[in-house]
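Quick note, the sequences are listed as chains A and B, same order.
Every letter in the first sequence is one number past the one before it in my numbering, and letter 74, counting from 1, is 74.
Every letter in the second sequence is one number past the one before it in my numbering, and letter 68, counting from 1, is 68.
Simulated from the structure, these hints should not be mistaken for lab results.
Each hint should be verified, as a subset may be incorrect.
[Unchecked claim] When the alpha-carbon atoms are kept at most 25 Å apart in a straight line, the in silico BS3-like pairs for lysine-lysine are as follows:
(1) A:K289 to A:K336
(2) A:K4 to B:K34
(3) A:K188 to A:K281
(4) A:K4 to B:K166
(5) B:K167 to A:K18
(6) A:K281 to B:K4
(7) A:K374 to A:K314
(8) B:K166 to A:K42
(9) A:K281 to B:K175
(10) A:K42 to B:K167
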Amino acid sequence: MPAKQALTGAEAIAYAMKQINPDVVAAYPITPQTPVVEYFAKYVADGVVDTEMIPVESEHSAMSACVGAAAAGARAFTATAAVGLALMHEIVYIAASLRLPIVMAVANRALSGPINIHCDHSDAMAERDSGWIQLWAENVQEAYDFTVMAYRIGEHPDVRLPVMINFDGFIISHGVEVLETLDDDVVKSFVGKPIKMYSLLDTEHPVTYGPLDLYDYYFEHKRQQIEAMKHVPKVFKQVAEEFEKISGRKYDLVEEYMTDDAEYIMIALGSTAGTIKHTIKELRAEGKKVGLVKPWVFRPFPKFELQRILNGRKGVIVLDRSASFGAEAPLYEAVKSALYEVAVRPQLGSYVYGLGGRDITPAHIRQAFEDAFKGYLIADEERYLGLRE
Amino acid sequence: MPGKLFEVRWHGRAGQGAKSASQMLAEAALDMGKYIQAFPEYGAERTGAPMKAFNRISDEPILIHSSVEKPDLVVVIDDTLLGNPDIIAGTDENTIMVVNTVRDSTWVRQKSGFKGRICVVKATDIALEELGRGTPNTVMLGAIARVTGIIELKYVEEKIRDMFLKKFGEEIVKKNIRALHRGYEEVRCDA
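Hey, can you work out the whole structure from these sequences and the hints?
This is the structure:
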């Protein structure tokens with residue numbers, strides 16, 4: 001029986017990982033670590049999982065240990081946030097290049113400096129081109145659900161890529177919400193046994209990982225990575241369809257909220273999408289035709305879905321919780337680029353908000369929608385919500 | 001329109017257990033079939049520093065993820081915080097405030113400038129008498145149950161049992177339930 005529990009996002013992910021019972025969890029145990037591995041370490045200590053838990057001396061080592069474990073054919077997991085992810089950067093790329101289906105939970109938090117520990121998407125955006133699949137959770141439930149789905153996507157023979165589960169730091173990682181959990185055996189049979197390919201431990205079929213790969217073959221290997229990403233939408237949809245059968249919850253590359261007749265659509269990642277839905281309900285009660293599109297999958301970028309949904313709308317507002325200094329904000333840039341080929345381009349507006357955990361309220365969201373209602377969106381202008389200027 | 005939300009803001013000092021109390025409130029409300037949120041505000045974490053925690057409770061799924069701006073209920077765990085302007089931010093005459101203090105509501109009003117209804121309870125004293133420790137959480141939950149009706153005592157009792165029975169035994173459970181009931185009985189509100 002599915003049960004309702006009051007849990008934080010970090011507890012929810014740890015709970016899902018307990019049900020999955022991975023072979024190896026390697027993590028740096030000190031801040032900026034999330035409570036995910038703290039809760040998971042308790043499961044290890046209590047003997048409810050038989051995971052090999054490796055506390056390491058840095059995030060760089062955490063991902064290195066995951067790479068080694070995954071290359072040996074183990075199911076490996078880690079979690080981090082903010083500057084911890086930044087310190088991992090080198091090995092994050094290597095994990096994707098070696099096509100290792102590691103799963104990593106990232107509690108999205110600001111990068112220094114100045115020093116800030118709060119919610120921000122700069123950490124994950126710095127890894128957007130690393131070759132990892134990026135899933136983005138709005139709430140505790142989605143953080144749990146994506147964790148259950150992640151290995152199925154990453155380990156699929158057509159994909160073989162690592163998966164990053166993004167959930168907003170503090171807002172979701174430390175916020176208690178209602179979570180509907182699945183039964184242990186349901187999760188266990190859904191996730192199944194690891195699909196091993198090219199295991200280092202398969203001595204009958206020896207392989208080499210991470211050798212020197214210069215101008216002779218490096219390019220071809222990168223081309224294969226590009227191709228692997230193209231298989232993700234199909235595999236994600238298959239896994240989501242199966243997940244709906246066990247959970248009743250439906251996922252796709254993007255979530256559409258009240259978009260059917262919407263003239264104005266807002267796009268955002270993570271927990272702010274919930275605040276936008278709340279505001280949309282208020283605006284709908286006032287007769288405004290507004291909706292939300294939330295990418296559940298940010299890498300690979302759901303270009304075709306956005307083209308289909310956004311073509312012909314009056315206005316599209318993109319909210320970014322990270323800046324790209326000297327260029328357009330990352331989500332906005334991607335949406336704008338996707339709309340180049342649509343038949344009827346909407347007016348477009350870019351709004352950066354919430355850096356370093358600055359609160360985003362319904363009033364801010366309303367303010368951006370008001371700009372759109374007035375026809376006052378300018379595609380080449382970046383605006384800021386909740387900023388003192 | 002989004003469903004009606006009941007919003008709570010807790011004020012305490014780090015280490016006094018406001019975060020745990022807000023979680024217990026949320027869990028009791030969940031058991032009553034409500035949708036809930038409980039989240040603390042994290043700053044520089046050091047024992048004794050002023051901190052806030054928040055709750056949202058609703059009959060419908062809660063979508064909003066911003067901070068609580070206009071609380072229906074303000075809970076003050078430590079009355080030395082009453083002079084802090086944060087205490088009355090976003091409140092008006094419809095807001096309720098429950099304060100752990102040995103003073104009366106006139107003093108609380110003078111100290112805080114709060115416009116709404118004030119309820120006081122000697123939660124630390126009661127906790128010392130019942131539990132032998134000055135941890136006022138369960139007493140405050142009893143007071144909140146009485147003043148707002150947002151949670152019922154029997155659900156909080158179940159939570160106390162869940163949290164304390166295995167770890168501390170039946171005696172501690174009984175003491176906490178007594179503290180809870182005394183908070184319910186002994187909270188005093190003006191007008």
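Status of the hints after comparison with the structure:
1. A:K289 to A:K336: Judged against 25 Å, a Cα distance of about 22 Å means the pair holds.
2. A:K4 to B:K34: Holds - the C-alpha atoms of K34 of chain B and K4 of chain A are around 11 Å apart, at most 25 Å.
3. A:K188 to A:K281: Roughly 37 Å between the alpha carbons, so the hint for K188 of chain A and K281 of chain A is violated.
4. A:K4 to B:K166: Holds, at roughly 21 Å.
5. B:K167 to A:K18: 22 Å, holds
6. A:K281 to B:K4: OK: K281 of chain A and K4 of chain B at ~12 Å, within 25 Å.
7. A:K374 to A:K314: 11 Å, holds
8. B:K166 to A:K42: 17 Å, holds
9. A:K281 to B:K175: 45 Å, violated
10. A:K42 to B:K167: Holds, because 16 Å separates the two Cα atoms, which is no more than 25 Å.
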